[in-house]
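*Asks:* Below are the chains, spelled out letter by letter.
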Amino acid sequence: EAGVTQFPSHSVIEKGQTVTLRCDPISGHDNLYWYRRVMGKEIKFLLHFVKESKQDESGMPNNRFLAERTGGTYSTLKVQPAELEDSGVYFCASSLAGATDTQYFGPGTRLTVL
Amino acid sequence: QQQVKQSPQSLIVQKGGISIINCAYENTAFDYFPWYQQFPGKGPALLIAIRPDVSEKKEGRFTISFNKSAKQFSLHIMDSQPGDSATYFCAAKEQGAQKLVFGQGTRLTINP
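So the protein lines, in turn, are chains U and P. With my numbering applied, the first sequence covers 1 to 114. With my numbering applied, the second sequence covers 1001 to 1112.
Bear in mind the hints are in silico, worked out from the structure with no lab data behind them. One should not assume that every hint holds.
[Stated by the list, open to error] Pairs of lysine-lysine, BS3-like flavour, derived with a Cα cap of 25 Å:
| hint | chain 1 | residue 1 | chain 2 | residue 2 |
| --- | --- | --- | --- | --- |
| 1 | U | Lys54 | P | Lys1068 |
| 2 | U | Lys41 | P | Lys1005 |
| 3 | U | Lys78 | U | Lys15 |
| 4 | P | Lys1068 | P | Lys1005 |
| 5 | P | Lys1071 | P | Lys1015 |
| 6 | P | Lys1015 | U | Lys44 |
| 7 | U | Lys78 | P | Lys1042 |
| 8 | P | Lys1093 | U | Lys51 |
| 9 | P | Lys1093 | U | Lys44 |
| 10 | U | Lys51 | U | Lys41 |
| 11 | P | Lys1093 | P | Lys1005 |
| 12 | U | Lys44 | P | Lys1005 |
| 13 | U | Lys15 | U | Lys51 |
[What the hints assert, rightly or not] A short list of chain P residues far from chain U (calculated; beta carbon distances all over 10 Å):
| hint | residue |
| --- | --- |
| 14 | Asn1022 |
| 15 | His1076 |
| 16 | Lys1099 |
Glycine included, C-beta positions come from ideal geometry on N, C-alpha and C.
Work out the full structure, taking the sequences as your base and the hints as a guide.
*Replies:* And the structure:
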């Protein structure tokens, strides 16, 4: 069974540009989460989808971040315009419906904003 | 403010020794405490988890000790091996909530 996949693995962009990160959850997982780890600090929750619906986006830093999950399958996280403080590793995780304790993480996208 | 505090930030242990990583929390609504292991280039992977109704859980060489009154929990790795070298994250989750709240991570190095 394939795990959670994320694309790209690395992205280097300049301040003010736009970047879109993609996450493909494990097939059949209704729950999809985005997390971020900045500069060796803790991994922080950004938001949670159940199928295509946003259930909790309390961790989204500001309105420069937009997450979508059209059709309830893969998800994208767009940062527009990117700022220096957006640099970090963005993780996607997924879990089965009703089993939110066990979250399976992808390898992450390392974003560097110059 | 950081809800889950993890220490140490880095740890070096000799092969065969015991590795101990500690976490503390304030939120008494937390009722699920997992530990994640992350190797370079990979995502965090669930290693072992505990709920507050037990004080200890053991899986192979990995043990979680949980102290509800002190609001602390720790990961013990017995007979540490070079292959255990990784970053370890403690985390916590409230009952009914979806998000995991993580500690800052501990980079563990096991010297051969």
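*Asks:* Which of the listed hints are broken here?
*Replies:* 1, 5, 6, 10, 13, 16
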